[in-house]
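Trainee: Protein chains in written order, with numbering that gives the first Met the number 0: chain A, 0 to 326; chain B, 0 to 326.
For the record, the hints were derived by calculation from the structure and aren't laboratory data. Each hint should be verified, as a subset may be incorrect.
Pairs count within a copy or across copies, as identical chains cannot be separated in the list.
Said to hold, decoys possible - Dumping the calculated DSS-like pairs for lysine-lysine here, alpha-carbon to alpha-carbon at most 30 Å:
id	residue 1	residue 2
1	K10	K21
2	K10	K259
3	K292	K248
4	K154	K36
5	K277	K193
There are 2 protein chains.
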Amino acid sequence: MSSDIKARIIKQMAPDLEQVEKALEENLAPNLDLVRKIASHLLFSGGKRLRPLLMIHSARMCGYATGFEILFSIIFEYLHAATLLHDDVVDEADMRRGKRAAHTKWSAPQVVLTGDFLLARALAIAAKTREPRVISVIANITQAMSQGEIDQLEKKGQTDLSEGQYLEIIERKTAVLIQGACRSGAIISKASRKKEEGLASYGYHLGMAFQMADDLLDYTATALELGKNPGADMREGKLTLPLIHSLAKANDTDREWMHKVIADPVFDQNRFEDLREKLLTLGGIAYTQTLEKDHVAKAKASLEIFEDSNSKDLLHLIADYSIERKV
Amino acid sequence: MSSDIKARIIKQMAPDLEQVEKALEENLAPNLDLVRKIASHLLFSGGKRLRPLLMIHSARMCGYATGFEILFSIIFEYLHAATLLHDDVVDEADMRRGKRAAHTKWSAPQVVLTGDFLLARALAIAAKTREPRVISVIANITQAMSQGEIDQLEKKGQTDLSEGQYLEIIERKTAVLIQGACRSGAIISKASRKKEEGLASYGYHLGMAFQMADDLLDYTATALELGKNPGADMREGKLTLPLIHSLAKANDTDREWMHKVIADPVFDQNRFEDLREKLLTLGGIAYTQTLEKDHVAKAKASLEIFEDSNSKDLLHLIADYSIERKV
């Protein structure tokens, strides 16, 4: 089923995707070659362009048809790339999208400043929408993400993270940006408040499902599929739902063993396999999948107020795919 | 004369300044205590609030009188603080406004993310102006500053920096932000293009004079006056105008000696005193002062189109003070 959905999504997206890629290249417009290099390293390394495509189809579902939706949609890819660059420095992660993270090729200051540049490019295009509420959306996203990252930094290595704390983290880390892209599609279309809230709700639930699936893949996928080593979150001291739920369900012996595995600075592949097994038997994996499916159902239900259309079909497919995907 | 100007500026500014301080506190609104701590460390450590006050009086000169100019003015202090936080990480400077730089008390990621948060707060308030052109101004500032910093990083330690390259650096580093604050005062007032360009020109020349004076103080002021050690720019490998001009005027022997002093990783106070002497005799100090005065004259001339008013008086005083100040 998964590859079938993917094929249908790609087919529907292809013409827009080409235009989005072109707009991303044309609007980068740096004065310095180095900025282009650092920004391009991340921007053109096989991103799915999920956020731009969500904005485009959100706008079209609200009747927007000026053609400017392509230009405006890249706001959210630049913003996404800017946050990834700042996160790379924060996380000291070595791999991103299967390539070396930007900060391992360039200095942290260069990466931080290129992130600032990309945010500036996003703002310059956002100003062209002439919709102050799009700016408010970007402000909210940046505020939530920066505080979320600081909060997550504080919580690093904390082995008693609750499910509630986890949900708050992924909301700020992922859902707020995806929600903002969908909401902005409604704003530029001057859609009714009801439609705007419908799309915002879709984006929120999609974002939550998407991040949960991502966190699950860190335990279930292979290194080749992921483009980075599995178990990366655990090694960085980040507790995600499969582990949090399993810890809550574990008996004292299992919990103690799991805490030891998490806290050990040395990564052991065999022991990681044992941990995966534990997440299966203790139900952490199944529980995460249940929550994912619930968010996908809610995302789709949020679109009920819209008439049927190609764009609506596509947003449904994307919701399904968000948790079916292998990468 | 200098302390007289200062007294007159302070007297005229006092009532607004109090309201600006209040607005800065009230609108910070972080969810996390740590973010408040890091942001406050810089925001409330004796900044002159130059940029907010420039915006306020630019707006008033254009007839703006809704009272919202206080709120809108803090956009430029948050933006300024955000860039200082990112610069602190970049420069690895130890002191800022006489206090330890934020990144020496907190980790670089925490400081970067708090900078992002402050930028987000600036944007949230900018959205309230409902003027997309204010957003364009912020985008231009951020774009110029981030690229300028990257460029300056590249040029660090380069001993053959030209006067033209120096002027480009300080334009992006300082003048663009001050210019943006003045221009935005005109934009929120819906002033004529002529008035807007007049204020933008004032801000540009003030910014250039201001940064040149700052760079000069690094050679002429005491550590107590500066709140940091003099000679800091040289030690960081940043060539500024007094040195650039003196190098251009020096004979081979002097130039060779100066290059040796600049390149030496060990800082010697006595040799630094000799360098100061050299900048006096070779004319680098006088030349910088001439350029400063020229920018101040041009800044004032840019305001000729405006009728006399208290705000215009104040902007004139600030222009004079920008190069008279000792800190």
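Trainee: A separate judgement is required for each hint: does it hold in the structure or not?
Mentor: Hint check:
no. : hint           : in the structure
1   : K10 with K21   : within (18 Å within a copy, 55 Å between copies)
2   : K10 with K259  : neither (47 Å within a copy, 64 Å between copies)
3   : K292 with K248 : within (21 Å within a copy, 73 Å between copies)
4   : K154 with K36  : between (33 Å within a copy, 17 Å between copies)
5   : K277 with K193 : neither (44 Å within a copy, 71 Å between copies)
When held up to the earlier numbered hints, the structure conflicts with 2 and 5 and fits the remainder.
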